[in-house]
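Number of protein chains: 2
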Amino acid sequence: MASLKRLLVGSPIRTARLAHERLTKKTALAVFSSDALSSTAYATEEILLVLAAAYVAGQGTSFNKVIPISIGIATLLVIVAISYRQTIHAYPSGGGAYIVAKDNLGTMPGLIAAASLLVDYVLTVSVSIAAGVAAITSTFVGTRFAWLDEHRSAFCVFFIAFIAIANLRGVRESGALFAGPTYAFIVTFLFMLGYGLLRVYLYPGSVPPPNDADLKIAEGYHPQMLSLFLILGAFSNGCAALTGIEAISNGIPAFKQPESDNAAKTLTWMAGLLATMFIGTSVMAHFYNIHPHEHETVISQFARQIFTGYMGWFYYLVQATTAAILVLAANTSFADFPRLASLLARDRFLPRQFSNRGDRLVFSNGIVLLALFSAVLVFAFGGETSRLIPLYAVGVFLSFTLSQTGMVVHWRREGKMEQAKTSDADSQAGVKPRARNSHWRKSLLINCVGAIATFVVLIVFIITKFIHGAWVVVLLVPLIVMMFLKIHRHYVEVARQLSTEGLNKLRPIDHLVIVPISGIHRGVIAALEYAKSIAPHHVTAVYVNLDDDVTQKLREKWQEWGSGVNLIVVASPYRSLVRPLLNYVDRVKRSSPNAVITVVLPEFVPAKWWQNLLHNQNTLFLKGALLFKRGLVVTNVPYHLEH
Amino acid sequence: MASLKRLLVGSPIRTARLAHERLTKKTALAVFSSDALSSTAYATEEILLVLAAAYVAGQGTSFNKVIPISIGIATLLVIVAISYRQTIHAYPSGGGAYIVAKDNLGTMPGLIAAASLLVDYVLTVSVSIAAGVAAITSTFVGTRFAWLDEHRSAFCVFFIAFIAIANLRGVRESGALFAGPTYAFIVTFLFMLGYGLLRVYLYPGSVPPPNDADLKIAEGYHPQMLSLFLILGAFSNGCAALTGIEAISNGIPAFKQPESDNAAKTLTWMAGLLATMFIGTSVMAHFYNIHPHEHETVISQFARQIFTGYMGWFYYLVQATTAAILVLAANTSFADFPRLASLLARDRFLPRQFSNRGDRLVFSNGIVLLALFSAVLVFAFGGETSRLIPLYAVGVFLSFTLSQTGMVVHWRREGKMEQAKTSDADSQAGVKPRARNSHWRKSLLINCVGAIATFVVLIVFIITKFIHGAWVVVLLVPLIVMMFLKIHRHYVEVARQLSTEGLNKLRPIDHLVIVPISGIHRGVIAALEYAKSIAPHHVTAVYVNLDDDVTQKLREKWQEWGSGVNLIVVASPYRSLVRPLLNYVDRVKRSSPNAVITVVLPEFVPAKWWQNLLHNQNTLFLKGALLFKRGLVVTNVPYHLEH
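Here the protein sequences line up with chains L and D, keeping their order.
Per numbering that gives the first Met the number 0, the first sequence starts with residue 0, numbered consecutively.
Per numbering that gives the first Met the number 0, the second sequence starts with residue 0, numbered consecutively.
Be careful, since some hints might not be right.
The list treats identical chains as one, so a pair stands whether inside a single copy or across any two.
[Claimed, not checked] In silico BS3-like cross-links for lysine-lysine, where the CA-CA straight-line distance does not exceed 27 Å: (1) K628 with K485; (2) K607 with K588; (3) K628 with K607; (4) K607 with K622; (5) K415 with K441; (6) K588 with K622; (7) K485 with K607; (8) K255 with K24; (9) K25 with K264; (10) K264 with K24.
Quick caveat, the hints were computed from the structure, so don't treat them as lab data.
Keep in mind it's a predicted model, so treat the numbers as computed, not measured.
Could you build all of it, start to finish, from the sequences and the hints given here?
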């Protein structure tokens, strides 16, 4: 067991090495942007799936709407990215939505942001893995490996386990593992978009007419005319492209110094790449007449169209890198979920075990929990991306809104402080205040725009997706917040009860010692001697009578070996050993309520584990039962056997 | 959990009621003879399956041999039954093969007998249940429920669980449960034989010609001419009819007084019924030209032929009662296996848990173990009777032989004692010794014949069935005996090590107390006070440094709350709490090898179970690790939290 763990996870790392586990900008881009960038693999398709409802209803041009919708989403993306740059500079030690909302808006908004993020991290893993597996199965459409499609859920679980193990090994090694696929995806994808654009420009006539066999509509939509509601639904679906953009602001402490500058630069690069790739995909889908299909992804369809002849091998490269980045995109959550859980644990809103660093300096418990939840979710939804999408992004936009609103409050507060300071200084120096204040005013404005934009999208999302699955998240977030509060109350209560405050000097201890015995042997005699050394004149041995003859023999032997201790024999009509002993202890407690009662358990420990099977585990049961009795001290006096 | 157990098993029964749980002769016949009688359901068929090898090879008359073979087996049955009557009178407290062989031949023969019986009890359950399920599926041959045949293994496991639960409820209730089906089977079966005989006498022309479609040959046999080897093989298969005949001699203490007389009478009845029904079945199979088939049992075939027209319903009655008795036949083993296991446990050859009576006064552990083993076996052999038969009966005949040989030695010894006594008395009174001695001489002769007969059959069985599966048992019995001996050695060794013999007065205890602490709170202070009360000037508190700042604060607080106890801070480069504490304890042990070291563990106990999830289980891990260190006393000082 232990050696299997070593093999998978590696040897333990010293605490002293903690500060050195940092990422360069290039590696950080790979680790933190895989989620955001990879969403280009499905965001366009999710828009088309909703527009298909109008196409089927007879509006042949409805798919054109993918371009304005995509531009709208990209605009939102830019607003959010600029907003987050403010956050990164204001919170260099990590400005996740939880911290920003808690600092500026109060505990409850902070917890709401935290709950929605936790839900979202789980969904990120599930959605990315499901989409990655879809990229793989799309490749095999029409081949004799088409049956792979039936085992999607199993593939998903395999990949989740793979990523979890990579993360349990530690963040530096994860970076090394993920840089290759991320950059391969970026280069391949950009080349595909460029090549595709060039091709349609050079040979505009070579694009085949749309193929409407197996046309797929988003689950929950029926054929209908184009309406604002339908367009907003398509827009909401496409907003999945924005998920993951906040990853960098959560992970600032993992960057090399200067952390904030490096993080902000990385965020700009990421947002630029994401906007380019996402709009590029939508434009390409439009130029090449791609319609969403049951058994093949949109990306797979146009890559297949573009790369023909001697470029055919490039199709496989696109599919492979898409699958790789999607599978690895889940990694963002494996960095963020445990980190957020550890923050919540530190603040006593989650079990404190989440704040422990494991052998490899990572928050192992959070990694394992995330892997479990996302595996269950993927299994429950049969590994199908489009069924998970309506649950997705509610949490993200809720946390975006809270975080941006928090930043607005942050800048207002900072502004007031600065005004107070400068007006002091100015009144001394006579300078105009305007120039100095411009920084916080600009930031306030940016975050204000961000907060309003994300709030509007959140409302749109809830309205258009509520019945398709968003209700689950709307229900889940308050439940999780309630759990946070319940856990918090417990910890506060424990701290209060254990506090040394108001503790008076303790009275001297009045000992009473009870030794349950199963016969007379060396182990028992050792225990009796030990008991006598604690409280020389207050020891009682207790024996449960199961057989009168045996009991009589014991009484006789007691004269010689009882060490002068008083022997009490209790009856057991139902042959139980534990029950009568507990009753006896209760009687003693009632008759001496102020004494400290110690139960000394003689216990012989076999030399080999299997030998335990040859002995009644009565001592174990008794120990378990005594644990729940108040005010009892339990002492084990082991007697180790040889051979 | 506990209430489910109550529902299935019933409320506990007081030990005082033990003596009252006895069976009348009629109930005992039902409980102990179901195994033996039920074997008529498959014994004849197993003979025919071997003879089929010659029939297929062209010897049309080979099936005739079933009659002489059956008569041979019935003769053997009478010899064994008479032999066992001697045992019952000589061992009124239960004369199973284990006891008889151990008493008269020594421990090893006793253990061999015990091992073979244990194996056989498991096989009895598997074979009987498999045959019972075959009776049920035979009924549905050719109907739309024929698919039931595919789920045989599942049926078997269901029935095993049913019987196990009935037995866990207690022997009296089992008797009530099983009397009905057993007597219904006896009456139905005897009526069928009588009716069948009358019918063939009145209308000899009505018997249809044999149906050779789906003809089945015993597994492992190929078509061959009739030979002595083949006839002995058929004979061996048929000997399955004798299994279970020893059940009564094992169960004498369950009879009402006078136990031996009642048991002997019951045995005679049982043997008479068994011989009649077995020979009857074979004769009937011959008269009605029944050949063994793949999908229908022999009994089912001729019951179907005999009961036609307005008697058709009787066919279903035969199948139902056959199935019922077969399924319940397993019950014999559920009475005997736990009883033998408890005897072995009492003699320290099996874990002592097997000698504990459960809530309902039965040996629950044995019942559960038997159910598990037989369920696994039935599953492994796909619930097919004829594949299990070659494993069967080796064990029975081995134990028969050992038991009868033991009885021969027993009578010789008794004879010698009596001769010594009578020759003393005779020399005083001048009476001829002959008349008085006749009793043991007769018994010796009977058991001698029994021993030789069963030994010869055992050899025949091993020779004819070795390659077909008997080798498993031949291999298993020595392995089980080795396990018995290993367990025995352990218990003897434990008793020796724990014995008070040679124990000198102990030196006064030199205490050293170590208190591992995780901080300063009320629970820790209570533990420190407790530690000081044991050894006022020898207490050390140990703290594991995980964070220098936190440790520094602790040191400051220690001045006020440390109760004057010395505080040791140990380092932990890999963030483990348990490892550094264990190392510290080891250092103390090395420097004070003669002291008794007590580790006092402060432990706070949450008010609700789920709250344990919110706390590190370090105390638990530490307790577990300390258990394996020699010569350490571990004391838990719990601090109970509220809410």
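Evaluation of the provided hints:
1. K628 with K485: Within. Shortest intra-copy distance 25 Å satisfies the 27 Å Cα cut-off; inter-copy 39 Å does not.
2. K607 with K588: Intra 37 Å, inter 22 Å, cutoff 27 Å: inter-copy only.
3. K628 with K607: between (31 Å within a copy, 13 Å between copies)
4. K607 with K622: Answer is both: 21 Å inside a copy and 18 Å across each meet the 27 Å cutoff.
5. K415 with K441: within (14 Å within a copy, 118 Å between copies)
6. K588 with K622: both (17 Å within a copy, 26 Å between copies)
7. K485 with K607: Between copies only: 13 Å across, 44 Å inside.
8. K255 with K24: within (8 Å within a copy, 89 Å between copies)
9. K25 with K264: Classified as within; 10 Å inside a copy, 93 Å across copies.
10. K264 with K24: For K264 and K24, the Cα distance is within 27 Å only inside one copy (8 Å; across copies 94 Å).
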